[in-house]
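K.L.:
Now for the letters of each chain:
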Amino acid sequence: MALWMFLNQALAGAFMPEQGTQIAKEVDNLYGFLLVVSFISCAILIGGMIYFAIKYKRKSQSDKTPYITHDTRLEILWSVIPLIIFLVVFAWGWTIYHDMRAMPENALEIHVTGKQWAWTVEYKNGVKSTDLVVPVNKDIKIILASEDVIHSFYVPSFRIKQDAVPGRYTTLWFRAEKMGEFYAFCTEFCGTNHSGMVARVKVVTQEEFDKWLVDESEIGLLPLAQRGAKYFQTRACASCHNVDNAAVKVGPSLFKKFGTEGVFGDGSVSKFDENYVRQSILEPQAKIVKGFPKPSPMPSYQGQLSESELSALIEYIKGLK
Amino acid sequence: MSTSRIVNGVEVATHYKDDTHQYLSNKEGIWLFMATEILMFGGLFIGYIIYHTMYPEMFAEGAKYLDWKLGFVNTLVLIFSSFTMALGIYFNQKNQPKKAVMALGATVLCGAIFMVIKYFEYTHKFHLGIYPGQMLNLEMVKPVHQNLGLYFGFYFCMSGLHGLHVLIGMCLITWVMIRNIRGDFHSNYYTPIEGVGIFWHIIDLIWIFLFPLLYLVG
Amino acid sequence: MGTHHSTHNHGAAHSSDSAHHVTPFNVYVKVAVALFALTFLTVAAHSIREHLQPFSALIAFSIATVKAYLVVAFFMHLKYETNMNRAIFISGFLFLALLFILTTLDIYTRITQNSVL
Amino acid sequence: MSHAVAGKNYLNESSGLWSWLTTLDHKRIGIMYFVSVMFFFLIGGIMALLLRLELFSSNAQEGISFLSSLPNVIKGDANPADLYNRIMTYHGAIMVFMVIVPGIPAILGNFFLPLQIGAKDVAFPRLNLLSWYCLMAGAIMAFATLFLNKVDTGWTFYTPYSIRTGASVVLMVLAVFIMGMSSILTGLNFIVTVHKLRCPGMTMYRIPLFVWALYSTAIIQVLATPILAITLLLLAMERVFGIGIFDPKLGGDPVLFQHFFWFYSHPAVYIMILPAMGVISELMTTFTKKTIFGYTAIAYSSLGIAAVSFFVWGHHLFVSGQSEVAGIVFSFLTMLVGVPTAIKMFNWLATMYRGSIEFTAPMLYALGFLFLFAIGGVTGIMLAVVPVDVHFHDTYFVVAHFHYVMVGGTLMSIMGGFYYWFPKMFGKMYNMTMAIWSWVFIFIGFNVTFFPQFILGAKGMPRRYFDYIPEYEQLNRISTIGSWLIATGFVIGLIAMIRAITKGEKAPDNPWGGKTLEWTTSTPPPHDNFTNEPTVTAGPYEYK
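Chains as they are written, first to last, in this note's numbering: chain H, 1 to 321; chain S, 1001 to 1218; chain W, 2001 to 2117; chain U, 3001 to 3544.
These are computed hints drawn from the structure, not numbers from a lab. Hints should not be assumed to be uniformly reliable.
What the hints assert, rightly or not - Below, a list of computed lysine-lysine pairs in the DSS-like style, where the Cα atoms sit at most 27 angstroms apart: (1) Lys138/H to Lys3459/U; (2) Lys1098/S to Lys2030/W; (3) Lys141/H to Lys3150/U; (4) Lys3515/U to Lys115/H; (5) Lys3515/U to Lys59/H; (6) Lys1094/S to Lys2079/W; (7) Lys3459/U to Lys294/H; (8) Lys256/H to Lys230/H; (9) Lys3459/U to Lys115/H.
Claimed, not checked - To list a few chain W residues with every Cβ distance to chain U over 12 angstroms, as calculated: (10) His2020; (11) Val2022; (12) Val2033; (13) Ile2059; (14) Tyr2069; (15) Leu2070; (16) Leu2094.
Where a beta carbon is used, it is the ideal one built from N, C-alpha and C, also for glycine.
Let's have the full structure, built from the sequences with the hints guiding it.
P.N.:
Laid out in C-alpha cells, this is it:
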C-alpha cells in the first residue's frame, strides 16, 4: 500500500505545480490514483490492441476466423469493473470536494473583485491592492464578485478555482502552508486582455502581513506621486497601459508621454497635459488616439475616483520619465 | 430524380411500398417535428417558472398589467379554431372538400381575430410605456420592482413567439386551402392538411398552458 | 441466426383502412363543448382565487392539463396513433422535465453568500 | 450480385450544377455535404494553425507576437489580443457547428444509411435537401459576421460577455440557429428511415452497427437541438431588446444560460462521437474479417450513451457557481455515461482477438481511434471527478481532452470512413501508400501537439490565453511544431483524395470483402441503390 501511495505522489507531483495547501496534497493524491488507473487501463486497451494486431496479422486472403458473437461473462466483467472504479473515484472525490466547499468558521475574509482585465483585492480595513497578500497557515475565505462579466479566480498551486459571477457573491477558501509567491489567473474568458488578468498571491508570515496591512492603510501620508503609483496599480490602469516602455499593451503607453502632442482619430491634436489625462480617465470615449479601436475598451472611472486620487494619478503620470 | 407512381389514388414516392407506408412514415415525421416544437417552447416555460419562483412579487406585479379578459377571449377563439381545424380534416377524410375549405377558412379567420386582439394588447402596453427588459421606461410605469422589465421580457418573448407561430400556421392553412380548392385531397390522401392540423393544435396546446401561466397565476 | 422470418416486419404494408382513423363528427362537437366549459371553469376558479389561494395555481394547471389531453387525444388523434408516435410526443415532455429538475436542483441548493464588508 | 445497366450510376445519371443543386438523391446530397464540410474543415484548420503560431512564444516582454506582425489588411485595427480571441472563436464555432456536428451523419450517414438498410432513399428526400441548404445558409451568415464586427465571445457565447461585446453576435447566433435546424432535419429523417424503410427481413437486430450509431445520434439531434434554438433565440432577444433573462443587471442569472447551453452542447459532443463509433465498428469487422464481438452490447451502449448524455451536462459548471449538491449529482451521473463507452472499447478489442487483421489505411485510422480515444476517455473520467476538475477546469488539460476525443476520435474515424467507403462513393481507388503516410503524419503530429497540452493544463495554463507566462513556453513550442505535422498529414490526405477522384483507376464492387449491404450493389451505386430489393436473412457481419 505504501508503494501505491508513493507511486501516486510521484506521478502526480511530476506534472502538477507545487502544492501550496493541504487540499492540494489530497487532490494530487487522488489525481495520482487516477493517473495510475488510467495508465493501467490504457496499457490493457492499447497494449492488447498492438499485441492482437501483431499476433493476428492477416496471413493469406483466405484466412478463416472463428465465429465468436459474444460472451456475457466478459461483457459483465468490463462493465462492472469500470463502474466500480468510477464510483470509488467519485466517492473519494466527493470527500475532498466537501472539504473544499465547507467554508471554515471565523476565517480571514478578503474581498476579491474581478473587473475587466484586473483583480482588485480589498481587506477589512479598506486597504486595496492588486496582489493577494495572505498570512501563512491561516484559513483565508475569499468572497468573489465581478463588476462586469464572468471572471474566474484560479490559483494553480492551491488547486482552487471559482467563477466570479456578476450579480452575486461566490466564495472559496484555502489555508496556505508554504511561503512564497504564486500566480492567480483568470480562467473564464472575459474579453480583450483576459490573458493579462494575472494577479500575485504572496504568502508571508503573520508579522509581515500585519506590518504590510498597516503600511498600506497609511497610504494617505505618502507623497502624491507614490500614492498615484499605488492607485495606478489598484485601479488596474497597469493592466492596459505600459509605464516603463513605449510598447502598446491594450491602450497607448504612458511612458514619457506627459507634455508631448496627442494626435487623435479625427486628426485633431492637443497637448498631453493635466486636463487631457483627466478627461481620458473620466470620459475615455471622448478623444481616442489615432490607430486605436473605436469605441475604446477602456471603462469610464466617472464617480469612482476622488479628486485626491485623480490628482495623485496625474502627478504619477507626469513623473513617468 | 426520385420519380413517383400512383397507388390507389395517391402519388407514392419510389422508396415507399404503398400509400399507407408513405402515410405512416409522414405521420411519424410530423410527430417528431412536434416534439421539437414542444421542447423549444418548453425551454421558455422552464425559464419562466424558474424566474417566477425567484421573484414572486415582481411577477405578481407584472401580471397585474395584463387584462385576463382579453386572454380569456383569445383562449375561446383559439379553441374554436382548433375545433374548425379538426372539422377541416374530418371533411377531407369524408371527401367533402367544399366544407373542408369553409372550415379551414373559419380557422384562418379565428387566427386573424386572435392576432388582432393580441395587437390591441401590445399597443395598449406600449402606450403605457411597457417594453421588454431594459427598454421598459421606468418614469412612466414607476414599477415597485426595478427589474419589472424581466417579467415583460418573458411576456413579450413567449406571447411573441407564440404569435409568430400563429402567423406561420395561418400561412400554412391558406396554402392547404388552395390545394384543397385545386382538389388535391381525398379520403386516401390528406397528409398535408393533417400535418398542418397537428401543427395548429400544438399552437393551441401551448396557448392553453400560456393563458393560465401568464394571465391568471402571474 | 437468420432462418426464422421476423414477426413485426415494418416493411410489410398494413391493411389500408386501419391506418386512416376517422373520428365521428359528434365526438369533435363533444370535445369542443368540453373545452369551452373547462375554459369557463378556469376563469371561474380564477375569479374566486382568494378562497382557494394555496391551490389556485394547481387548479388552473390541472384544468389546463385536462384541456391539453382532450386536444391531443381527440383533435390530434393521438389516441388512435401508433405507440411510436405516442412515445415520440411524450419524450419531448420527459426531457423538458429532466432539464427543469436538474436546473432547479442547482438553483435551490446554492448557499447564498452575503458580503459582510 | 446485382449490377446496374452498364455505366448508369448516380454520378453520371444527370450532369450540370442544377441537377446537383436540386437533387433528391441521398447519395448526391452526401457528396455535396462532403465538399462543403471539407471546405469548412480547411478554414477551421487554417485558423487552428494561426492560433498555434501565435502561441509559439510568450511575447510578454518584447511586445511583438505573430499576430501583431501580420500585415494591416488582415489585422485591421484590432490589437493582437482581440485578433486572437476572434480567431479562437471562429475556430471553435466552425469546427463544432459546421464540421463535426454535421460531419459523419450528414456525409457518410446520408450516403450509406439507406444503402446499409437496403432502402432506395431516406424517408423525406426534400427535407434532406432542405437540411443541406440550411447548413449553407447558416454558414454564409456565420461567415458574413467576419465582414461585420467579428465575434470574439468563444464558441460558447457565455453571457454577460456575449451581451456586452460590440461584436455582431445576433447574426452569428441566428446562423447557429439555422445550422441547428439542419441538424434536426437530418436527425428526424434518419429516425423515420430506420423505423420505416428497412428491407424485408432486416429486423432491428440485423441492421449494421453504423446504422445503430446514427439512430442514437438522430435521437439526440432531435431532442437536444431545440433547447439550443430557444437559448440562442433568447440571447438574440437579450442583445436586441435587453430582456434581462441572462443579464445580471436586471436580475437575470448567467449561470442559467450555461445550464441551457450545456443541456444541448453536452449531448452535442455525443452527436459528434457516436457516429464515429459506428464507423469504427464497421472498420473493425471488415478488416479483421471476423464477426463483431458483442453486437447487442454495442448497439445498446449506443442507445445507452444517447439516453444518459442528457443527464450529465452539469460537469461543465462545477466551478461556475453551481451548488455543491448539484456538482456531486452531475459528477455521479457523468460516471455512469463512462461505462457504455468502456464497454464499446473492450468489445472492439475483443473483435480483434483471433481475427485476420489487414493494415489498410482505414484500419490504421481505426487503430488510431482506439489509441487516442482510450487516452481521451480516461482523461474524461479524470475531469468528471469534481476536485480534480476544479483544478483542471478551463485549462489546457480540458483543451487536450476534448481534442483527443474530437480530433483523435471523430476526425480519425471520418478519415477512416472516407478511405473505407471512398471506392464505393466515387468508384475510384486511391493510392494506399499516400493514405498511410497521411495517417502517419496525422497520428504522430496529433500526439506531439496535444499530449504536451495535458502537462500544460496540469501546470495550470488557462485556456483561451493569447499570451502566457514564460514557464509554459517550452511545451507550447513543441505543441506548435506538432500542429505543423498534422497540417502536412491532412495536406497529403487531401492530395491523395483529389488524385484518386481525378486519376484513380476503377474500383471493384467490394474491395475489402465487407459483408454489409452497400457492398452488394455496384460501384458507384445506381440511382435507386439496388437493381432488385435485397432481402436479409442474417445479421450484418456474418464471417462464417
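K.L.:
Hint by hint, say whether it matches the structure.
P.N.:
To see whether the hints hold, each was checked on the structure:
no.: 1; hint: Lys138/H to Lys3459/U; verdict: holds (25 angstroms)
no.: 2; hint: Lys1098/S to Lys2030/W; verdict: holds (23 angstroms)
no.: 3; hint: Lys141/H to Lys3150/U; verdict: violated (40 angstroms)
no.: 4; hint: Lys3515/U to Lys115/H; verdict: violated (62 angstroms)
no.: 5; hint: Lys3515/U to Lys59/H; verdict: holds (20 angstroms)
no.: 6; hint: Lys1094/S to Lys2079/W; verdict: holds (20 angstroms)
no.: 7; hint: Lys3459/U to Lys294/H; verdict: violated (37 angstroms)
no.: 8; hint: Lys256/H to Lys230/H; verdict: holds (19 angstroms)
no.: 9; hint: Lys3459/U to Lys115/H; verdict: holds (25 angstroms)
no.: 10; hint: His2020; verdict: holds (17 angstroms)
no.: 11; hint: Val2022; verdict: holds (23 angstroms)
no.: 12; hint: Val2033; verdict: holds (34 angstroms)
no.: 13; hint: Ile2059; verdict: holds (28 angstroms)
no.: 14; hint: Tyr2069; verdict: holds (22 angstroms)
no.: 15; hint: Leu2070; verdict: holds (25 angstroms)
no.: 16; hint: Leu2094; verdict: violated (9 angstroms)
Hint compliance for this structure: hints 3, 4, 7, 16 are broken, all remaining hints hold.
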